[in-house]
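> Spelled out, the chains give:
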Amino acid sequence: LQAKMSRLVQARRLEGVDQNIWVEFVKLAATHATVNLGQGFPDFPPPDFLREALVRAVGGGNHLLHQYTRAFGHPPLVKILAEFFGKLLGRELDPLNNVMVTVGAYQALFCCFQAFVDEGDEVIIIEPFFDCYEPMVKMAGGTPVFVPLRPKAPGAGKPMSSADWQLDPAELASKFSKRTKALVLNSPNNPLGKVFDRGELQLIAELCIKHDVLCISDEVYEWLVFDGKEHVRIASLPGMWERTISISSAGKTFSATGWKVGWTLGPWRLLQHLHTVHQNSVYHCATAAQEAVAVGFRRELERRERADSYFTQLARELQGKRDRLIRSLEAAGMTPIVPEGTFFLVADVSAFASDVPEAPGSDEPFDSRFVKWMVKNKGLAAIPLSAFYSGPHKNDYSRFVRFCFAKEEATLDAANDILQKWKQERAAP
Amino acid sequence: IEFTKVAADPSIVNLGQGLPDISPPSYVKEELAKAAAVDRLNQYTRGFGHPLLVKALSQVYERVCGRKIDPLTDILVTVGGYGSLFSAIQALIEEGDEVIIIEPFFDCYEPMVKMVGAKPVFIPLRNKSDGNFATSADWVLDPTELANKFNSKTKAIILNTPHNPLGKVFTQEELQLIADLCIKHDTLCISDEVYEWLVYKGNKHIKIATLPGMWERTITIGSAGKTYSVTGWKVGWSIGPQHLIKHLQVVQQNTLYTCPTPLQEALAQALWIDCKRMDEPDCYFYSLSRELEGKRDRMARLLREVGLKPIVPEGGYFMIVDVSALNVDLSDVEDNQPYDYKFVRWMIASKKLSAIPLSAFCGPETKAQFEKYIRFCFIKKDSTLDAAEVILKNWNKQKA
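For the record, the sequence lines run as chains A and B.
Each residue of the first sequence is one higher than the last, beginning at 1 in UniProt numbering.
Each residue of the second sequence is one higher than the last, beginning at 1 in UniProt numbering.
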């Protein structure tokens, strides 16, 4: 009897995209971590009003909320999103043609790459980058072209901020060729926390317009900006609406990463192609969660910029947690980069290098070895910055480690305890 | 997409899209409410499937298949059965491959195969009955015709049993025929079994993966939506050998990473409840099909009274109907659309009853063969079927 197939069974599009850092690091944290500041999810719950909305949706009399809804987005949700984001973008959005709901922002990204990237197309990715962009571009047959954010020295006496990591304009311009199809922008940026300012976005916009390039704008952390910084939407810059897909996430917006509701905004001439991919991949998204997110946005629309807006409160709370973690890390001897946004920060751990055993002959980047050693020996989980760099660049900034601070006070206290104890152990003769 | 828009009008009795308007069982709804109340269940879970869910699925299907199923390596949880089809095709089908599709087919198979640059190769089920009491069992594949569709480029065959739209439940012999060819030509089988629990008296759902030599080359797809009447949950699964499932997992980590947590938790809890009573008639896996059998029979009777010829399904919740005997003259209708498209539009407009034209489910070459049929969905509450009954009983009183 014939058992396995005798010929190659998997498709070639899977070549080079089969590795995934999260599988390994999530397992490590699950096995060893007492304090998990690794994977990016809150350890506090979504707000009560959102959970109540879900409970009402599933338990209420309308059991049609357990059945298929409109494939491109549940009507109440796309309606409120069009209204809410129309105000932010300063333009009238059609709920049916300018908004498409996806299974998390992750699936929105997948639809964009599948819809727009062809074999031989180049896609510019800014490093460090959320790790899925590279394999998604490759799976679509495209070629990723990387351009780094480079750290500049901060102003005298000031700690390094994510604002000090910048693109070199000439270097960026040199990455555009006639094969460039799209540029992926992530602002606020995971992992650095950088919030691109208007001038930086203008630079990117000019190049996109000059070279007739699309912009895939991952803005999932759009509400998590600190110190009064403004999140500027590149789609609102002149000449950009027609060439930009803006991506958002209910998971990050409402601290409900497990709901996997995301959406794209853009002109119909681009969205129609996302529809094609969507209807041939997942087709419908879960109904009840969409209904609940719609309720969440209606509430937030009423409270826009008021003190009782969840978005305002969440940003304020996270800013406090950011500052708490920064103090802990500095006290321990690590050098954090102060993030302008997101719930991540990156810290220079070179002062701790001597703790980690040497690994002669290994080409694993230092930060990756550090993180593995740290979780096994100190119980503190984080993610190496090299995870967010392309292969050839993994050693460029490998003295940095990413921490997630969307955590309860108790978790941050426990992290502080670990760090202080560690510092004392190192100081002791 | 086209027909869901047309039938969104509430004055129309919608027997078109495969959407239950009956309530899911109450414990299923309760489990979702309970899951939402647990803090950590609102955050990311394991990418390839929530641990509690894959464990529950392995228990249910170990029983059904009579073999050990590893929850971590042999199962992938996807966004509905649809998401499993997509993941399997993206993972295993290469540009230039051929994929055999049995007509009529659930309409997404063709575009999904084309999207990976592969070639769909169609083979029709043919109606062997001549009488007025045809059933889906009368629709069969021609063995020689099927064998001729296989060649060295054939990467997979997509099987759908119980079948949408016909309701056919493939027999052991029919599955053996397909299995023999898969083994002989070293092809894969993607087996869409989302309606696996909806089989009516006298029929048995057989999993092709349980035939000798087939586990190693089959991906079997299931759906919470169809199992528990919760199509809006969009939770499905692929089950198969590790050496195939691992490639579907790679697709998952590059497309959506993970599926929603609270829905998976709730589904796991519901599956445990029914897994424990798989020996009892109360188990929802069996009780739903008993409920639907009555609706099936009622629908068939009403249609016959009007002069339509239903093909009584052995499984699933769809019924196809031969409308040619009514001889509705639609030659004045513009455009070169197949007859069944025109018939359905006419029926929606003049009878306020919707269905789906069968030629939506076939390839370009067979439209002529299928254009006298339309598909009704009967997983509807009594009041919907009552409304359909009124329309059907009045049908002949005002012929177009």
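To be clear, the hints were calculated from the coordinates, so they are not data collected in a lab.
Every residue, glycine too, gets a C-beta built ideally from N, C-alpha and C.
Treat the hints loosely; a few may be bogus.
[Stated by the list, open to error] Taking beta-carbon pairs under 7 angstroms as the criterion, some of the chain B residues facing chain A (in silico):
id: 1; residue: Pro24
id: 2; residue: Phe86
id: 3; residue: Gln253
id: 4; residue: Met278
> Next step is simple, just say for each hint if it's right about the structure.
Do the hints match the structure? See the list:
1. Pro24: 5 angstroms, holds
2. Phe86: 5 angstroms, holds
3. Gln253: 5 angstroms, holds
4. Met278: 23 angstroms, violated
Hint violations for this structure: number 4 only, all remaining hints satisfied.
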